[in-house]
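As a plain string of letters, each chain reads:
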Amino acid sequence: MQRIGVFVCWCGSNIAATVDVKAVAEAAKHEPGVVFSTDYQYMCSENGQAMIREAIKEHRLTGVVICSCSPRMHEATFRKTAVSAGLNPYMVEIANIREQCSWIHKDMAEGTEKAIILARAAIAKVHLNAPLVAGTSPVTKRALVIGGGIAGIQTALDIADAGFEVDIVEKAPTIGGRMAQLDKTFPTLDCSACILTPKMVDAAQHEKINIISYAELDSLSGFVGNFTAKIRKKARFIDETKCTGCGICTEKCPSRKGLNDFNMGLNTRGAVYIPFAQAIPNVAVIDSAQCIHFRTGKCGLCEKNCSAGAIKFDQKDEILEREYGAIVVATGFKPIDASAFNEYAYSDSPDVVTSLEFERIMNAAGPTKGKLVRPSDGKHPHEIVFIQCVGSRCTEDATKGKPYCSKICCMYTAKHAMLVREKYPDVKVHVFYIDARTPGKNFDEFYRRAVEQYDVDYIKGMVGKVSVEQDHLHVQGSDLINNEQIHINADMVVLATAIEPDPTARALGTMLTASMDTNDFFTEAHPKLRPVESPTAGVFLSGVAQGPKDIPETVAQAGAAAAKVIGLLCKNELTCNPCVAHANEALCNGCSQCERVCPYGAITYEDKEVRSPEFRGIKRIAVVNGAICQGCGACTVTCPSGAMDLKGFSNSQIMAEVDAICR
Amino acid sequence: MWLFDEIVKFHITELEGQVNHMKYSYYPGCTLKTKAKELDRYGRLSAAKLGAELEEIENWQCCGAVYPQAEDEIATKLSAVRTLDAAKQKDQELVTLCSACHHVLKRVNDDMKNNEYVRTRANNYLKLDVPYEGETSVIHYLEMLRDRIGFDTLKAAVVNPLKGVKIAAYYGCLLLRPSGVMAFDDPENPTIIEDFIKAIGATPIKYSQRNECCGGYIAMEDKGAAQKRVDVILSSAKNAGADLIITACPLCMYNLDANATESVLPVKYFTELLADALGVKEED
Numbered sequence: 001m002q003r004i005g006v007f008v009c010w011c012g013s014n015i016a017a018t019v020d021v022k023a024v025a026e027a028a029k030h031e032p033g034v035v036f037s038t039d040y041q042y043m044c045s046e047n048g049q050a051m052i053r054e055a056i057k058e059h060r061l062t063g064v065v066i067c068s069c070s071p072r073m074h075e076a077t078f079r080k081t082a083v084s085a086g087l088n089p090y091m092v093e094i095a096n097i098r099e100q101c102s103w104i105h106k107d108m109a110e111g112t113e114k115a116i117i118l119a120r121a122a123i124a125k126v127h128l129n130a131p132l133v134a135g136t137s138p139v140t141k142r143a144l145v146i147g148g149g150i151a152g153i154q155t156a157l158d159i160a161d162a163g164f165e166v167d168i169v170e171k172a173p174t175i176g177g178r179m180a181q182l183d184k185t186f187p188t189l190d191c192s193a194c195i196l197t198p199k200m201v202d203a204a205q206h207e208k209i210n211i212i213s214y215a216e217l218d219s220l221s222g223f224v225g226n227f228t229a230k231i232r233k234k235a236r237f238i239d240e241t242k243c244t245g246c247g248i249c250t251e252k253c254p255s256r257k258g259l260n261d262f263n264m265g266l267n268t269r270g271a272v273y274i275p276f277a278q279a280i281p282n283v284a285v286i287d288s289a290q291c292i293h294f295r296t297g298k299c300g301l302c303e304k305n306c307s308a309g310a311i312k313f314d315q316k317d318e319i320l321e322r323e324y325g326a327i328v329v330a331t332g333f334k335p336i337d338a339s340a341f342n343e344y345a346y347s348d349s350p351d352v353v354t355s356l357e358f359e360r361i362m363n364a365a366g367p368t369k370g371k372l373v374r375p376s377d378g379k380h381p382h383e384i385v386f387i388q389c390v391g392s393r394c395t396e397d398a399t400k401g402k403p404y405c406s407k408i409c410c411m412y413t414a415k416h417a418m419l420v421r422e423k424y425p426d427v428k429v430h431v432f433y434i435d436a437r438t439p440g441k442n443f444d445e446f447y448r449r450a451v452e453q454y455d456v457d458y459i460k461g462m463v464g465k466v467s468v469e470q471d472h473l474h475v476q477g478s479d480l481i482n483n484e485q486i487h488i489n490a491d492m493v494v495l496a497t498a499i500e501p502d503p504t505a506r507a508l509g510t511m512l513t514a515s516m517d518t519n520d521f522f523t524e525a526h527p528k529l530r531p532v533e534s535p536t537a538g539v540f541l542s543g544v545a546q547g548p549k550d551i552p553e554t555v556a557q558a559g560a561a562a563a564k565v566i567g568l569l570c571k572n573e574l575t576c577n578p579c580v581a582h583a584n585e586a587l588c589n590g591c592s593q594c595e596r597v598c599p600y601g602a603i604t605y606e607d608k609e610v611r612s613p614e615f616r617g618i619k620r621i622a623v624v625n626g627a628i629c630q631g632c633g634a635c636t637v638t639c640p641s642g643a644m645d646l647k648g649f650s651n652s653q654i655m656a657e658v659d660a661i662c663r
Numbered sequence: 001m002w003l004f005d006e007i008v009k010f011h012i013t014e015l016e017g018q019v020n021h022m023k024y025s026y027y028p029g030c031t032l033k034t035k036a037k038e039l040d041r042y043g044r045l046s047a048a049k050l051g052a053e054l055e056e057i058e059n060w061q062c063c064g065a066v067y068p069q070a071e072d073e074i075a076t077k078l079s080a081v082r083t084l085d086a087a088k089q090k091d092q093e094l095v096t097l098c099s100a101c102h103h104v105l106k107r108v109n110d111d112m113k114n115n116e117y118v119r120t121r122a123n124n125y126l127k128l129d130v131p132y133e134g135e136t137s138v139i140h141y142l143e144m145l146r147d148r149i150g151f152d153t154l155k156a157a158v159v160n161p162l163k164g165v166k167i168a169a170y171y172g173c174l175l176l177r178p179s180g181v182m183a184f185d186d187p188e189n190p191t192i193i194e195d196f197i198k199a200i201g202a203t204p205i206k207y208s209q210r211n212e213c214c215g216g217y218i219a220m221e222d223k224g225a226a227q228k229r230v231d232v233i234l235s236s237a238k239n240a241g242a243d244l245i246i247t248a249c250p251l252c253m254y255n256l257d258a259n260a261t262e263s264v265l266p267v268k269y270f271t272e273l274l275a276d277a278l279g280v281k282e283e284d
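For the record, the sequence lines run as chains A and B.
At position 595 of the first sequence (counting the first as 1) the number is 595 in the numbering used here, and the numbers step up by one without a gap.
At position 243 of the second sequence (counting the first as 1) the number is 243 in the numbering used here, and the numbers step up by one without a gap.
If a hint is listed, it holds; no wrong ones were tucked in.
Pairs of lysine-lysine residues, derived as DSBU-like cross-links and limited to a Cα-Cα distance of at most 30 Å, are as follows:
hint, chain 1, residue 1, chain 2, residue 2
1, A, Lys233, A, Lys316
2, B, Lys206, A, Lys257
3, A, Lys465, B, Lys198
4, B, Lys238, A, Lys379
5, B, Lys268, B, Lys35
6, A, Lys465, A, Lys407
7, A, Lys465, B, Lys268
8, B, Lys113, A, Lys400
9, A, Lys400, B, Lys206
10, B, Lys206, A, Lys379
11, A, Lys257, A, Lys234
12, A, Lys106, A, Lys29
13, B, Lys228, A, Lys460
14, B, Lys228, A, Lys465
15, B, Lys206, A, Lys465
16, A, Lys312, A, Lys257
17, B, Lys223, A, Lys465
18, A, Lys184, A, Lys257
19, B, Lys166, B, Lys198
20, B, Lys238, A, Lys465
21, A, Lys423, A, Lys441
22, B, Lys37, B, Lys223
23, A, Lys571, A, Lys647
24, B, Lys166, A, Lys465
25, A, Lys234, A, Lys141
26, B, Lys113, A, Lys402
27, B, Lys228, A, Lys428
28, A, Lys233, A, Lys252
29, A, Lys304, A, Lys316
30, B, Lys198, A, Lys400
Selected chain B positions facing chain A (Cβ under 8 Å, derived; list incomplete):
hint, residue
31, Asp186
32, Glu188
33, Asn189
34, Ser208
35, Gln209
36, Asn239
It should be emphasised that the hints constitute simulated quantities derived from the structure, not laboratory data.
The structure displayed is predicted, hence computed values, not measured ones.
All C-beta atoms in this analysis are idealised placements derived from N, C-alpha and C, irrespective of residue type, glycine included.
The following block holds chain A by itself, in its conformation from the complex (with noise of 0.2 Å):
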């Protein structure tokens, strides 16, 4: 027979107001083992933990119950003060008073019963537990980055530099992301370029680290300090180690068709190519879609005028498997389909362009040579209208917008109106906005630079439609401060495209068991307490991939994951949870159901030699890899022999809490 304490926690007034907390504690003293038991305002304090430390040595306390908040908020506390008086840290329960019960109950006798009630349950489920001592797994020295933009790159500098190795797997032929794609940055306007190709170089040349480019993970198995990872090297059709980047091939390629990616599709290139001037790793890259050699067999062009002999059509896909021992995922984003809104004639006209778009045209290396003319004729435009919103905060239709705040586009958006201002001081510039959100430092200044400064008209209201005329657009939407519709002739429009995860997000996502919020933005374990990890231990979240972010959060972000992947890595083992699943060798008939639920890969089946009165001979067995096991009990469901159990929540343990409440 257990001996059990029963603590009843006040939370100040978060329990005591809704939950009669000396009731508890009294109901608790009339339930089977339990030798002690009391409440106080904040168990969690010193003096708490000291009250828990006394009562196991005086009362002899062999399990321990904590009436409070959630487990995933003090569990871990209340365990280490268990362990300090000497007991099993999985001898101490917690019933969920707080949370489960008062937070969400007004009426206190009502609080009150489901209190004693989930109290009851724990106390039943304690007399079952059994002491259980954690294992521990070894950690492998290496990280695994997941995309190269800035994120990436900044991350993996960070892990490098603490002399850890780092891998940057990119899926694009060069890294750089969508920051390479940039003109200028705000508040502070510098070109984007010069500040990014540096640390692009620096990655390039950090002993540390491996970059991967054209390259996407095909699978992952393991679990933290233990990852196996395979990736795919896709076939560029280039000797990596022979191309000089001298871009001879991207001359002389005749084909001419394929849509330059780097600039929004706003002009063509090649089919081979190298994405940008400074694209690292420099080497070219043939699109085999629009490649002459690969649709008919003829052409070579490139082949025989490459002197260092890099072209490679029979190049293959290649896998590469290698281990990890965290992951952090920066896949980024890309700007919505602007097509969705007929309302913007985005599809209807080529002087509609999207922001990112915009960006390459006022750029110096873009497809205008960073002069500002309306794509359809080439012409100077006098009159651009700049709207705002476009599939951002959009609650109505959720099939082309999206509910949230992309949150760069306010300011992206009076860069590029201060940008027009300057450089061509003609161009009347309005922008349709439905507010203005410029927190951030530098940041309002900057915008009022725009209004105040650069004369740029600000109209709060939005667009209706954007209707295609013979030699204009005509924009028609509302001024909601002078309350009147306005019309205006333009040349230009600039939508504010949303932005959203990459779409390699959500299947990346399956395969590292990371969890995903509705829109496909990577969910950190605590949104305010723990922003940079995943729920899944030794997976780790930097950039837009969690959320829409400009680059000095990015950056900040980048920071913040490499420093707890160099927290990981500096551990040379790491403790593992010892609520495992485990199969009862006389039950099990090895019919292969908890393998195929197993969402770990930690179950194996094994042939073994069994002994009993029912049986003699050879049985397949299921084995559970405790390292790998995560305690999910999709298993122990699953079985229909019932012979899987869980250690620490085990079938009798968990009906033993059912029994309690239905009593």
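Given chain A's structure and the hints, the job is docking chain B onto it.
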């Protein structure tokens, strides 16, 4: 042998199903009996030619005329529910032709299906043998052409293709919005009337104002405002190269016709052109 019988039976029932399918309850509404007689007449002639039987609902009442937005406005929805229930009694889809009637019937039907408050109250008033719960499928004549008969079938039935005629489709608002309930077409970039124009052999002209407001009832209060709207629509279509404008809405027709400063383009009901293409126009 048994299997053979089953197959025959199956085919017979399937054939009957198809025949039944081409029989519809039809709701003309008051305007089609007065100001918009052509819309109705040509619609009926064409449907008959295409093998769709439109059975006019007996003793139909006013659709309600303007959809009442107020949630507690039950009485004005009742006549619409009677029409919807009449179609349900015959187990037929309900075809409409007037945009305004279509709008009201479709929205009231949606309320009867999804708004428990309206459904309960309306049924309490009506005391039908079986409460009406939005069972009837309400489709506009254009939807019947697109989704039931098919524009390909229509194209094949055309005897007098309107080759070379450049037609601008004018949608107005009532068919398109609110798009969630009307489920007619993309409100910002509709294609159904353009596809119809192609099916009758003519050339659709896309212009920016085709789904903008005609002024609606504002003409009653401020003729100038309606004039402004209509002039913008007509000149937009004219500049895009149209020979004429077609519409499905008597109210749009009224505004485009009566409130234009200058009559720059002829405006016709789509059914008139349909009848023309099908060769049934001269028969009347």
